[in-house]
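Visitor: Fit chain E to the given chain Y structure using the hints.
Chains as they are written, first to last, in my numbering: chain Y, 1 to 289; chain E, 290 to 472.
None of these hints come from the bench; they were simulated from the model.
For clarity, every value in this text was computed on a predicted model and none was experimentally measured.
A few of these clues could be false.
Unchecked claim - Rough simulated footprint, nothing fancy, chain Y against chain E, three-plus residues with beta-carbon under 8 Å:
no. : segment
1   : 305–314
2   : 380–386
3   : 392–405
4   : 408–416
5   : 441–447
To be verified - Pairs of lysine-lysine, DSS-like flavour, derived with a Cα cap of 25 Å:
no. : chain 1 : residue 1 : chain 2 : residue 2
6   : Y       : Lys47     : E       : Lys388
7   : E       : Lys321    : Y       : Lys47
8   : Y       : Lys47     : E       : Lys391
Said to hold, decoys possible - Residues from chain E that keep clear of chain Y, each with C-beta distances beyond 10 Å, as calculated:
no. : residue
9   : Glu323
10  : Gly368
11  : Gly426
12  : Asp437
Each residue gets a CB set at the ideal place from its N, CA and C atoms; glycine is no exception.
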Amino acid sequence: MSELSDELLVAYVDGQLAPKQAQAVDKVLAQDDVLSKRVSALQAAHKRLEAAFDAILAGAEADLAAHPVSRPRGFFVSWSALLQASLATAGMVLAAVMLLAGLGWPLKAPEIVWRDSAAVDMEPVGALPRDWREEVARAQALIGRESLEIGAESQTNAELARFQLARMIGPNLLVPELGAEGLRFARAQVLRFEGKPVAQLLYLDAHGAPFALYAKAGEANEEGAFKRYGAIGAVSFAHDGIAYLIAGEADEPSLVRLAGAVRRKENSSGPEAPASATVPPVPNPKPKP
Amino acid sequence: MQAEDYQDSIKPGLVAMLPRLKRFADLLAGSKREGIALLRRALKRMLAEQHRYQRSIPLDRFAFAELYRQWFEELAAEGGGAREDEDAAQTFAALFPRKEGKDFDPLMAAFLHSLPPQHRATLLLVYGEGFDDIDTGRVLDVAPETIDLRLVRLSASLADCLSGRGQTRARANLARLYAEEAA
Numbered sequence: 001m002s003e004l005s006d007e008l009l010v011a012y013v014d015g016q017l018a019p020k021q022a023q024a025v026d027k028v029l030a031q032d033d034v035l036s037k038r039v040s041a042l043q044a045a046h047k048r049l050e051a052a053f054d055a056i057l058a059g060a061e062a063d064l065a066a067h068p069v070s071r072p073r074g075f076f077v078s079w080s081a082l083l084q085a086s087l088a089t090a091g092m093v094l095a096a097v098m099l100l101a102g103l104g105w106p107l108k109a110p111e112i113v114w115r116d117s118a119a120v121d122m123e124p125v126g127a128l129p130r131d132w133r134e135e136v137a138r139a140q141a142l143i144g145r146e147s148l149e150i151g152a153e154s155q156t157n158a159e160l161a162r163f164q165l166a167r168m169i170g171p172n173l174l175v176p177e178l179g180a181e182g183l184r185f186a187r188a189q190v191l192r193f194e195g196k197p198v199a200q201l202l203y204l205d206a207h208g209a210p211f212a213l214y215a216k217a218g219e220a221n222e223e224g225a226f227k228r229y230g231a232i233g234a235v236s237f238a239h240d241g242i243a244y245l246i247a248g249e250a251d252e253p254s255l256v257r258l259a260g261a262v263r264r265k266e267n268s269s270g271p272e273a274p275a276s277a278t279v280p281p282v283p284n285p286k287p288k289p
Numbered sequence: 290m291q292a293e294d295y296q297d298s299i300k301p302g303l304v305a306m307l308p309r310l311k312r313f314a315d316l317l318a319g320s321k322r323e324g325i326a327l328l329r330r331a332l333k334r335m336l337a338e339q340h341r342y343q344r345s346i347p348l349d350r351f352a353f354a355e356l357y358r359q360w361f362e363e364l365a366a367e368g369g370g371a372r373e374d375e376d377a378a379q380t381f382a383a384l385f386p387r388k389e390g391k392d393f394d395p396l397m398a399a400f401l402h403s404l405p406p407q408h409r410a411t412l413l414l415v416y417g418e419g420f421d422d423i424d425t426g427r428v429l430d431v432a433p434e435t436i437d438l439r440l441v442r443l444s445a446s447l448a449d450c451l452s453g454r455g456q457t458r459a460r461a462n463l464a465r466l467y468a469e470e471a472a
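Isolated chain Y, as found in the complex:
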């Protein structure tokens, strides 16, 4: 009997040997019945293993068909998730539309797209190829007529933005001044989700990194919650019947601190609050004669 180790024989059975090594083993096996039987036993063992694992897989499939673990939600995502996923692409699509219309657009906004893409959209490997068309189509769904009705001047003027957004979202909406937190107001616009307006307020920090505060009417009050979506972190909270989501490429403590700053301004926006911290009153339409 020749001396061939189990290591070598298993590698031979698994096809791990180089062609010349495999040929050498073939020659030995042709002359050694004991080794040949050993190789046959190893091959049979592997086949039995594969058959056993196939059988367990079939059982698992049958179990899941009878009792599914979970069901996919299909194409539905919540408004906050959709907003977050579309933060960058919405700006890009709308910027393209407005540039074509000759209205101009802050050139910093598309940076968000590329920063985000570079962070999470590397080589698509595995079962999750990422399709830009899907992302852009979702962003397109956020754009409504109001998005284009607010002129470029109104978008970059905080006071005008406050006035227009309060009309659409509600009188309790706050467009906070976040200078104390190192953020400068850049612009605002109205998006649309399931027929309801969503305010998007964009700020830039000292390094030019964008942050966004989203606001949507009609949500119940709830405590803040942090969530990360790829490179983007977000904190959500609600106050006075308006839901907020503050998002940016920042860590949890920074975003929680920002959310706290916004909430403090909310809490100070009562009747005694300084006029500069509150939304200007919405004028009542004059009755028609």
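Guide: Only chain E this time, still in chain Y's reference frame:
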């Protein structure tokens, strides 16, 4: 209001591989009941922490590694002891669907049941999933050389069982593996 889970990125991929994940969970846990519970907990965690998933890594490797991590951490939290009950062998054998009223492969079921879950997982990932030693090592958080060693000893042990060379020799191969891994 809480930010809703942004699950539409990895969730379809996970759903597509649910049977494979369930098989892995069943083999780790040793029973269907504990396997499905383990899978639920692991999926919940994967979705909640999916920001850790890097698209440069195949999703199945990520998911198997996360499932294994969930099992391992729970085992460590329980003190590392294997959970055994009187019907453990029968429970394990129930992982194999019966065919025409007969057990699928009693010898194979007994062999796999006799192994530590980490070794069962090694065999599954290589011969059931087709992973190489590098990916298998990454999932199970061990070196590829350890995977190679396990494959040789476990294959030899199973071949001994199947070829009638005796349980003693088969057990000797396993004992050798345990000693080599401990070293």
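Visitor: With reference to the structure, classify each hint as holding or not holding.
Guide: How the hints compare with the structure:
no.	hint	verdict
1	305–314	holds (count 7)
2	380–386	holds (count 3)
3	392–405	holds (count 5)
4	408–416	holds (count 3)
5	441–447	holds (count 5)
6	Y/Lys47 to E/Lys388	18 Å, holds
7	E/Lys321 to Y/Lys47	24 Å, holds
8	Y/Lys47 to E/Lys391	20 Å, holds
9	Glu323	13 Å, holds
10	Gly368	28 Å, holds
11	Gly426	15 Å, holds
12	Asp437	8 Å, violated
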